[in-house]
Amino acid sequence: MNNKKGSSFRGFMKFAVLYLGRLLTVAFILFPIGYTLEYVQNSPYGQQRFSVRHLEINGIQNAEGTALETLVRRSLPANLLQVNPGQIREVVESEPWVKSASVRRLLPNRLLITIEERQPVAVATVDGEFYIVDAEGRVLDRYGARHKALDGPIVKGLINVARENAREDNQERMRAYLAVIADFRTAPADLLTYISEIDVQNPRKVALIPTDEPIPVFVGDRAFLHRYQIFRNSHGVFEELKRQYGTIEYVDVTFEDKIIFHTPHEQQALMRTEAQIR
12 MNNKKGSSFR
22 GFMKFAVLYL
32 GRLLTVAFIL
42 FPIGYTLEYV
52 QNSPYGQQRF
62 SVRHLEINGI
72 QNAEGTALET
82 LVRRSLPANL
92 LQVNPGQIRE
102 VVESEPWVKS
112 ASVRRLLPNR
122 LLITIEERQP
132 VAVATVDGEF
142 YIVDAEGRVL
152 DRYGARHKAL
162 DGPIVKGLIN
172 VARENAREDN
182 QERMRAYLAV
192 IADFRTAPAD
202 LLTYISEIDV
212 QNPRKVALIP
222 TDEPIPVFVG
232 DRAFLHRYQI
242 FRNSHGVFEE
252 LKRQYGTIEY
262 VDVTFEDKII
272 FHTPHEQQAL
282 MRTEAQIR
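So the mapping is simple: our numbering equals the position in the sequence shown, first residue as 1, plus 11.
Everything labelled a hint here was simulated from the structure, so no lab data went into it. All figures in this text were calculated on a predicted structure; none of them were measured in a lab. Backbone N, C-alpha and C fix where the C-beta goes; we use that ideal spot for every residue, glycine too. Treat each hint with caution, since some may be false.
[As the list claims (entries may be wrong)] With a straight-line cut-off of 30 Å between C-alpha atoms, the simulated BS3-like cross-links for lysine-lysine are: (1) 269 - 216; (2) 167 - 216; (3) 253 - 216; (4) 110 - 159; (5) 253 - 159; (6) 253 - 269; (7) 167 - 110; (8) 159 - 216; (9) 159 - 269.
[Claimed, not checked] Pairwise CB distance ranges (calculated): (10) 101 - 72: 15 to 23 Å; (11) 199 - 101: 18 to 26 Å; (12) 204 - 146: 19 to 27 Å; (13) 253 - 162: 25 to 33 Å.
My request is simple: use the sequences and hints to build the entire structure.
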């Protein structure tokens, strides 16, 4: 019985010694590594040897490079080894023009950032101010002289990002805007030059604002080009009603069998218009 206990104890001690030996071996290996990392990150030598001397940002086309570099440098630790690439990526992607970014540390002292910019597609009016927006309705910048190439219809009806569900609502509204643009571009003539604004406040009842008649022409949520051409073909009726009533408040061409010209005397105008169409 005692022999069995002694044998078990010796086996346990042998296992404990082997296990302790392995722990000491691992500690012997990891300690110098940890010490070295701590030294190169926090010692005066490390701060000097691995300081971020070169910051390179590639992919800039519209973003303000100097402002973006300043933003990044404010978030950088002195030592390249202490840089958190994920954190720097979030800082860069907070810039409105930046869609995505990748961050790489290149020893001993270089930080490389590559960005993909959002593409401007239109000028939008938001809270009475003009902005450049992308296909999702994200505000990229204030409208200025360097954005003259964006000469399409103005987007009307986007909402301030501070409002609830603004991002989702603006995405839906921009889809309606881009659908109108795509439909009009199928026409043999450039009819977009006749449209000043596209109001997408209600994406299911889009309104076109002609350049020569600043009134809403409601075209619904489909067949935008066809319905606009119906409005153009009824120009004679439109002019006659203007002479008769003095003003037209809006035109609705979303119905299959009639056009509604809304005037201060709506019922009379509607009856006259339907008679003309027949």
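Hint numbers not upheld by this structure, sorted from lowest to highest: 5, 9 and 11
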